Amino acid sequence: MLLILFVGLATGCVYAIVAMGYSLEYRTTGVVNFSEGNYVMIGGFSTYWFHTYTSLPYPLAILAGVIVTTLLGLILWTFIVLPLWRRRSPVYVILLGTIVYGAILGILALLLLGSMPQTLPPWIPGFELDIGESRVQGQYIVIIAATLLMMAAVSAALRYTTLGRAMRACAASRETSELLGISAERMGLVSFAVTAALGGLAGAMITPAQFTSADVGLSYGVFGFVAAVLGGFGTMSGALVGGILLGVVNAFVGRYISSNYQTVIAFAMLLALLAVRPQGITGRSWEDSEA
Amino acid sequence: MSETTLGRFQAFVLAGIVLICLLAPAFGTRLVIYNLTIIALYATVVISLNLLLGIAGQASFAQTTFMAIGGYGLAIMTKQLGLNPWLSIVLSLGISILVAVVIGMPLLRLRGHYLSMGTIALALGTYSFANASSFTNGGWGISGVPTLSVGTVSFRNPLNFYILAWVICFVSLAAFYLLANSHIGRAWRALSTRADIAATLCIDVQRYKLMVLVIAASMASLSGSFYVAYAHFVGPDLYDISIMINLILMLYVGGVRSVVGPIIGAAFVILVPQMAAGLEHYQNLIFYALLLAVILVKPSGLFGKATEARGIDSMIPLWLMARLRTRSR
Amino acid sequence: MKTSVLSLASVSKSYGGVRAVQNVSLSIYSGSVHGLIGPNGAGKSTLIGLITGFIVADSGQITFEEARIDGRPPADIAKLGISRTFQQATPIVGLTVLENIMVGLHAEYRASMASVLFRTASMRHEARAIRERAERLLQDFGLGDDADALATDLPFGKLRFLEIARSVAHRPKTLLLDEPAAGLNAAETERLGGLIRNLSQSGVGILLVDHDVPFVFGLCDTVTVMNFGSVIASGPASTVYQESAVREAYLGAPEAQQEKLECS
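Residue numbers (this note's numbering), protein chains in the order written: chain A, 86 to 376; chain B, 2 to 330; chain C, 6 to 269.
A few of these clues could be false.
Ranges of calculated distance between the beta carbons of each label pair, as one might list FRET restraints [what the hints assert, rightly or not]:
#1 C:59 x A:263: 28 to 38 Å
#2 B:140 x A:200: 12 to 22 Å
#3 A:249 x C:59: 32 to 42 Å
#4 C:207 x B:195: 25 to 35 Å
#5 C:191 x B:19: 55 to 65 Å
#6 A:202 x B:276: 26 to 36 Å
#7 A:234 x B:276: 48 to 58 Å
#8 C:78 x B:153: 46 to 56 Å
#9 C:123 x B:147: 27 to 37 Å
Hint data in this document are derived by calculation from the structure and do not stem from the laboratory. Keep in mind it's a predicted model, so treat the numbers as computed, not measured. In this text, a Cβ means the ideal position worked out from N, Cα and C, and glycines have one as well.
Just chain A, with the same shape it has in the complex (with noise of 0.2 Å):
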């Protein structure tokens, strides 16, 4: 029972993370990517190719693995995102756009890395714990550690840095930043690329634990989407919170009932949040920004 608390509060994080992305990118551009769940699936993938077909030690893997998550997420907000951005189309022109990059995502990595699901080595051998009668991988620790600092880093960044500020100021109003001298188009591809290199790491974390394979980035694409709105779109501790929340009542849902009933489950706790409280858990009722 123990154990399964573990294992939903480490998907959960992961979650969390892909919630972020989700906030920090809306926040910054008003744009909602849907291709972020692949992130954690290339993130996890390109880890494990590195790691296998190269001969960089483990830790480079996973920096290699980041920096070519990176890559995608800059190359969606440059050539795709960016000049429908400029051109002020619709939402859902923009939406459609990164679901069709998501898309062709999953199929590269169908046609590279074949459909076999694969594994990594855990980030530090032969940690493991015992509590109560079960015994728990230590990457389940790791992941909800790192998870925590990376929160904590991000939210620091925003308040703290200058970038951070920046960020921020763009998120509540584009052409007041764009006035103050701030780019918000250099905005746009900064939380582009923190968001993705977030979700590539979270890949590199997870896949230890769980495997990876080519399909699984709709499905943190969709829980994390869910986990944001449940938290409160648009908000850090909304992420942290909806995706734990999500992560826990999916891994005891998936242990007693059937896993078919996650995505049931997930969406009927949406809908029903939706009709309730729009804002989320923790969300304050702010107005839709169109940044």
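Since the structure of chain A is already known, use the hints to place chains B and C on it.
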């Protein structure tokens, strides 16, 4: 000229479509008839989306939910309850309308992104429910759905169904055209532009939202029912996320708010992947790459009226432009 | 024509701790033009929102033709004959100029969806009649040549006139104009003034909210001055113009006012 009028070019294209439909039975193979039937059925849903999203501006992505109700409704009512197929179609339609009112209307109160999120959730939730529940026979789907027939005319004959499908499609298109160019359509456009403005012009926003949602849900439900009647099978994969994406793509590629767009878009999305058939994953890859190209180069779709600047320089990021300029000096 | 009165009695509205509108009373009579001036943030737009039903007052009463309208939804209030323009002229996207006016006449359409779908004779007759009415209105506003252009293609000045034309299409009894002169050049402003005068002479009661002081005082019969949510002066235009409190708070010293005239 407003966007929804039938300009000369579109009228020409429409005539071409009608001509193809008339000639196909004489000159086309069974595959051609099959494809055209499927195009007609999907085009009907895209027309409903054109009304809901294109004209009334409601970013609702839950059309697959209503298709599923129509499709599963027909299958379950005929197979488990032994009802007459036509009656089942009508009852499923009723259920779709009920769902539209009960779930759809509260969702429509949400603004912007929340509406999209909520309806995506509804659509994906419908898929996962269909997949997981024993009521719908889970991932196995329901097969052996009986044929439709009217008197002695059986729609098992593909040609008869082809005609039926296109009749439905053209009727929907006519309804779209008449509504879009009437005061009702203009009220929806006002609502789409800004709801406050519509209200100050004496337009009852909630009533008009309800109207368009019910019409769209009805079209989708009927299309869903007839598709299942055609395939004699229903399964969750008919309503998964890629179908939802494809519908929006069909609308988009054809040109939002255009008259012939939905049919052209449906044809594009259904036929292009088949041209690269046999290459499986590459086929999808090429298709998506092509789509991306359309999105970037012609953001209003093939027949849409471009309202944004689409010069090539708007595609290049500013920092790159600056670099290129200084270099050429 | 009956003298319709739109009255606000001690209306207040607060947002959190901010008192957007405090104890405001004013009246608009048919056939007269009532000006509303005040610095930004004085509560003018909030007042329009309150009258048209988009904002619900915390206290006070708003009556129209002796019936209370506060708390009623915007579409209902519009149907009673209260019309408004918006600060930012917002044409309906995708429709032509003529079609925009036809939307203004929406309340006149009696045809049901069924008659639209079956193209009944009565529906076509009605559509043609309303279309002709819209065309005449466009001519009156000087937009006749632009009838088939896409509304979004119009230059700024014409957009303003389109906005106003759309809001008077269904012959409202009261019209609330939210900064209609903003951004117009001298010639357009003069035309606007003439238009407003014509409208009031035909019996419409007009509330004119604007920053252009000479414009307001030249046109209005009565004026209300607001600052920080409260009324600081109200009455016949000439009287209000003299009041020192008004001059201090809003018009500023004579030199500053001279500057203002030079800038506009």
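Going down the list of hints, with the structure as the test:
1. C:59 x A:263: 28 to 38 Å: holds, 30 Å
2. B:140 x A:200: 12 to 22 Å: Between residue 140 of chain B and residue 200 of chain A, where Cβ atoms are some 19 Å apart, the hint holds.
3. A:249 x C:59: 32 to 42 Å: holds, 36 Å
4. C:207 x B:195: 25 to 35 Å: holds, 28 Å
5. C:191 x B:19: 55 to 65 Å: Taking Cβ atoms as reference, residue 191 of chain C and residue 19 of chain B lie about 56 Å apart, which means the hint holds.
6. A:202 x B:276: 26 to 36 Å: holds, 32 Å
7. A:234 x B:276: 48 to 58 Å: The hint (48 to 58 Å, Cβ to Cβ) holds, given that residue 234 of chain A and residue 276 of chain B are roughly 50 Å apart.
8. C:78 x B:153: 46 to 56 Å: holds, 55 Å
9. C:123 x B:147: 27 to 37 Å: With a Cβ separation near 33 Å, residue 123 of chain C and residue 147 of chain B satisfy 27 to 37 Å, so the hint holds.
In the structure shown, no violation is registered for any of the earlier numbered hints.
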